[in-house]
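K.L.:
Please take these sequences and the hints and turn them into a complete structure.
Protein sequence lines correspond, in order, to chains A and B. Residues 923 to 1407 in the working numbering are what the first sequence spells out, letter by letter. Residues 923 to 1407 in the working numbering are what the second sequence spells out, letter by letter.
Possibly wrong hints are sitting among the right ones.
Which copy is meant is left open, so a pair is good if it fits within one copy or across any two.
In silico SDA-like cross-links for lysine to any residue, where the CA-CA straight-line distance does not exceed 25 Å [as the list claims (entries may be wrong)]: (1) Lys-1243 with Phe-1369; (2) Lys-1309 with Arg-1240; (3) Lys-1103 with Ser-1083; (4) Lys-1235 with Gly-1380; (5) Lys-1133 with Gln-1110; (6) Lys-1148 with Gln-1068; (7) Lys-1401 with Pro-1036; (8) Lys-1148 with Ala-1077; (9) Lys-1148 with Glu-1161; (10) Lys-1148 with Glu-1073; (11) Lys-1133 with Gly-1111; (12) Lys-1235 with Val-1368; (13) Lys-1148 with Arg-1067; (14) Lys-1235 with Phe-1369; (15) Lys-1148 with Asn-1119; (16) Lys-1235 with Asp-1195; (17) Lys-1401 with Cys-1304; (18) Lys-1235 with Phe-1377.
It is worth saying that the hints were derived from the structure and are not from the lab.
Number of protein chains: 2
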Amino acid sequence: MLGAVVPPPPHTSGPTPPRGGGGGQCSSCPLIGGDGLRSWWRMALGCCLCRAGKAALRRWRPSGASRAGTWAPPASSQRGLGGAAPPGVTQIPPTFGFLFDIDGVLVRGRYVIPAAQEAFRKLVDSNGQLRVPVVFVTNAGNCFRQAKAQELSDALGLEVSPEQVILSHSPLRLFRQFHEKCMLVCGQGPVEENARNVGFQNVVTIQDVRKAFPLLDMVDQSRRPKELPPPTTDFPTIEGVILFGEPVRWETNLQLIIDVLLSNGNPGAELADVPYPHIPVLACNMDLLWMAEAKMPRFGHGTFLVCLENIYKKVTGRELKYEALIGKPSIVTYQYAEYLIKQQVERQGWPSPICRLYAVGDNPMSDIYGANLYNRYLQAACQAHAKAEVKGSVVTTNPQSEDRSELRKDWNVSLESCKSILVCTGVYNHHGDVPTDPHESVLETVFHGHRDFCFDPGLVEASYMVQDVNEAVELVFEKENWIQE
Amino acid sequence: MLGAVVPPPPHTSGPTPPRGGGGGQCSSCPLIGGDGLRSWWRMALGCCLCRAGKAALRRWRPSGASRAGTWAPPASSQRGLGGAAPPGVTQIPPTFGFLFDIDGVLVRGRYVIPAAQEAFRKLVDSNGQLRVPVVFVTNAGNCFRQAKAQELSDALGLEVSPEQVILSHSPLRLFRQFHEKCMLVCGQGPVEENARNVGFQNVVTIQDVRKAFPLLDMVDQSRRPKELPPPTTDFPTIEGVILFGEPVRWETNLQLIIDVLLSNGNPGAELADVPYPHIPVLACNMDLLWMAEAKMPRFGHGTFLVCLENIYKKVTGRELKYEALIGKPSIVTYQYAEYLIKQQVERQGWPSPICRLYAVGDNPMSDIYGANLYNRYLQAACQAHAKAEVKGSVVTTNPQSEDRSELRKDWNVSLESCKSILVCTGVYNHHGDVPTDPHESVLETVFHGHRDFCFDPGLVEASYMVQDVNEAVELVFEKENWIQE
Chain A
923 MLGAVVPPPP HTSGPTPPRG GGGGQCSSCP LIGGDGLRSW WRMALGCCLC RAGKAALRRW
983 RPSGASRAGT WAPPASSQRG LGGAAPPGVT QIPPTFGFLF DIDGVLVRGR YVIPAAQEAF
1043 RKLVDSNGQL RVPVVFVTNA GNCFRQAKAQ ELSDALGLEV SPEQVILSHS PLRLFRQFHE
1103 KCMLVCGQGP VEENARNVGF QNVVTIQDVR KAFPLLDMVD QSRRPKELPP PTTDFPTIEG
1163 VILFGEPVRW ETNLQLIIDV LLSNGNPGAE LADVPYPHIP VLACNMDLLW MAEAKMPRFG
1223 HGTFLVCLEN IYKKVTGREL KYEALIGKPS IVTYQYAEYL IKQQVERQGW PSPICRLYAV
1283 GDNPMSDIYG ANLYNRYLQA ACQAHAKAEV KGSVVTTNPQ SEDRSELRKD WNVSLESCKS
1343 ILVCTGVYNH HGDVPTDPHE SVLETVFHGH RDFCFDPGLV EASYMVQDVN EAVELVFEKE
1403 NWIQE
Chain B
923 MLGAVVPPPP HTSGPTPPRG GGGGQCSSCP LIGGDGLRSW WRMALGCCLC RAGKAALRRW
983 RPSGASRAGT WAPPASSQRG LGGAAPPGVT QIPPTFGFLF DIDGVLVRGR YVIPAAQEAF
1043 RKLVDSNGQL RVPVVFVTNA GNCFRQAKAQ ELSDALGLEV SPEQVILSHS PLRLFRQFHE
1103 KCMLVCGQGP VEENARNVGF QNVVTIQDVR KAFPLLDMVD QSRRPKELPP PTTDFPTIEG
1163 VILFGEPVRW ETNLQLIIDV LLSNGNPGAE LADVPYPHIP VLACNMDLLW MAEAKMPRFG
1223 HGTFLVCLEN IYKKVTGREL KYEALIGKPS IVTYQYAEYL IKQQVERQGW PSPICRLYAV
1283 GDNPMSDIYG ANLYNRYLQA ACQAHAKAEV KGSVVTTNPQ SEDRSELRKD WNVSLESCKS
1343 ILVCTGVYNH HGDVPTDPHE SVLETVFHGH RDFCFDPGLV EASYMVQDVN EAVELVFEKE
1403 NWIQE
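P.N.:
Right, dumping it as structure tokens:
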């Protein structure tokens, strides 16, 4: 979910409002409109209204305290002694870590959700150091990691390093096989610089193509060339396309990308046959819609991809293929998060491997689907690994999405699970009408996930559902028998 | 097909080049690239490469002369005595008329195709007056009829009146039920004025909506509002949408149109359920692609419609519905052409009704498909009319497209047929490789027609196929036993 520049909503600018709320409205989501996120959008965005009924049944509450009171560790907790442990007690190193979505979980636009500040007070020790590994995972991409880390530092009152931030395009750093190729980049903001920052050394922009081939961009009549330009002969052959995020002037971007794909990277040329498979396309951030200040969701990069895919299909009769889809809910994003978690553990000198990740998010289709998909991947990888040990075969790939299991070969595989925790301070609002017949609701549900991520009810159902990120941290501490400061 | 501003291609700036040409190249189509329109584009644009083989078998040649020589009327011709007939011979009034496509038939961009000037010398009498009714039918729409009539007058050397020109949106004049409603118009150029010119009295533009609801257009980060604007309360409820042609900044237009459809015409509001059917949408010009100076075709308005249809489907799970699709190959465009032909006949005082139309075009999917579809409609209408006379029932509707048969009730139905004539001076190039197995080719063919116009091989097969518009006129004169000047 992308960030928005908004005025402070009531629930983020002052004290935490009373939780819950009656009727059909979620008091935590005033930005989404007077009646909260209305039913059809809620269904469409999350594809999981029918699951809310089930999820609510096991909605977690702190076990050791009333909701309004302070929380104390469960009496049975003997194991978790993280942070500044009582004198004489050795702190046990963490064996779990957190992946936090940003928008809708920690902030809403420019404003901090108070529960986030509360949560992070629990996560740091008396020196302000994190007691467990934490990575921030956002599908935003029109900015720099450094800037996002600084924003988070200011918002949460602790020092967040760029190495803890995953933007939608950050995992591109892993795609080394393309780093020396000539790549066309599409998006707005610092796309060219972002591409170079994640390792691409040979980048051309949509504007470069437009300038070199002025006869291609013809939709805007006022920008058509007045005279026939000389043919361009020295433009490099484009070897791949990276879609960073939604661009400006979609007609220009769509036309030039289609030209590049149909010409095998030489948009001034014409080929007798459609080159297929076309040159590789890597796309970051699949979010179809996102919530800003308007009452209805706004177009995200996923909407641009819908246009590109369908134009390509209409023109060629064939499917646009992605070399990789990056950003939540893609597996590679979670692989990269695991990689960063491991780096943190090594930097901190924590001796124990991380066995469990908890992914906290507000978007069932992005955060929850992604975490659950990665959890399935981990289970499959463990089983395959066990089989391989017996038979000497290689690790099998995941059937649902792209597999980059070779990335995990570089480090000792310790991660066993990735649990999803849904919060209600963003896109998802659980106070809507739960249908009496879940089956009927499933039929009516609109799937807002990407074309290549099939709808699977099991993947949009969160492992846990809580009110906000503070409750999420409390939940995990209880599950892990982890002591609070 | 839309017009392009291009320098004079060899075949339009000088004497008519030799016809035919060897190998895989059509000498009449130098703008399409050195090798003519390559096979996959040719197949995709026209969906009729497999038909070319069949059409070529009955490719028409003037019967009374060699191809390079002058043509003389057939010896048997006694009936046709149009124009300035020989002294003592009474001119028989015309019983047929012409529909001419413009781009690719009469002109290429700013340059006249010489065969067009030759053809029109045959069509006028010694006073420069047309001897048969003629209407010019183009899918262009970002201009005024007056301007297009003036361009044609200059190009063809005769006075063309605006009443002889049908732009893609011209038939909107017939949609009187919307003329007093508040309509959102989308396109570039003089869309607002064009809407008013065809009868709409209450028009708002995309820019009006954007200005009134600044929180809606959020894709371009540089254009987002810096401060939260006050809510707009006095904007009229939009009652319908007219898509005139491809706009500029597709992301803005797509977002606002979707907002209008999902809010029942009140884009600042939010509804609990998707209003369906949505408010009426009328779309002009369905052309997916068109040929300009670039070697590969460029996006037309049909590509914008592909985006709109697929975003609507992805977001709501439902199909975008069109109240009307206007412009070739839509039936209503041919109904309007018939209406204008009848007006010409009345103005000229020709006593005979027009029984046969000949539609000359270069685009199988637009000109040929449309003429054939209208021909089917006429046949069905004639049969239904005959049945109705017996049974007293109403005329049945056409199953393939929208039916506005009530339009034809206003005038005496005399038209019996609409024959299609394909020329090779534009999109279509018949000198490509004809597949040895037509069935195989059909399977490989990509359908570039609009979603709501199903592919039907019979509809893209021209009644006749000739080299250029001059041959088309000679063919019709021969068929009609019409004497030349």
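K.L.:
Each of the hints needs a verdict: does it hold here or not?
P.N.:
Here is how each hint holds up against the structure:
1. Lys-1243 with Phe-1369: Answer is both; intra-copy 20 Å and inter-copy 20 Å each pass.
2. Lys-1309 with Arg-1240: Neither: 38 Å inside a chain and 45 Å across chains, both beyond 25 Å.
3. Lys-1103 with Ser-1083: Classified as neither: same-chain Cα gap 30 Å, cross-chain 57 Å, threshold 25 Å.
4. Lys-1235 with Gly-1380: This pair counts as between: shortest inter-copy Cα distance 24 Å, intra-copy 30 Å.
5. Lys-1133 with Gln-1110: both (17 Å within a copy, 23 Å between copies)
6. Lys-1148 with Gln-1068: For Lys-1148 and Gln-1068, the Cα distance is within 25 Å only across copies (23 Å; inside one copy 43 Å).
7. Lys-1401 with Pro-1036: within (23 Å within a copy, 84 Å between copies)
8. Lys-1148 with Ala-1077: between (51 Å within a copy, 21 Å between copies)
9. Lys-1148 with Glu-1161: Neither: 31 Å inside a chain and 39 Å across chains, both beyond 25 Å.
10. Lys-1148 with Glu-1073: So Lys-1148 and Glu-1073 pass the 25 Å test across copies only (19 Å; inside, 46 Å).
11. Lys-1133 with Gly-1111: both (19 Å within a copy, 24 Å between copies)
12. Lys-1235 with Val-1368: The answer is both: 21 Å in one copy and 9 Å across copies each meet 25 Å.
13. Lys-1148 with Arg-1067: between (42 Å within a copy, 23 Å between copies)
14. Lys-1235 with Phe-1369: both (20 Å within a copy, 10 Å between copies)
15. Lys-1148 with Asn-1119: neither (38 Å within a copy, 29 Å between copies)
16. Lys-1235 with Asp-1195: within (15 Å within a copy, 30 Å between copies)
17. Lys-1401 with Cys-1304: Classified as within; 22 Å inside a copy, 78 Å across copies.
18. Lys-1235 with Phe-1377: Both, since 21 Å and 16 Å are each at most 25 Å.
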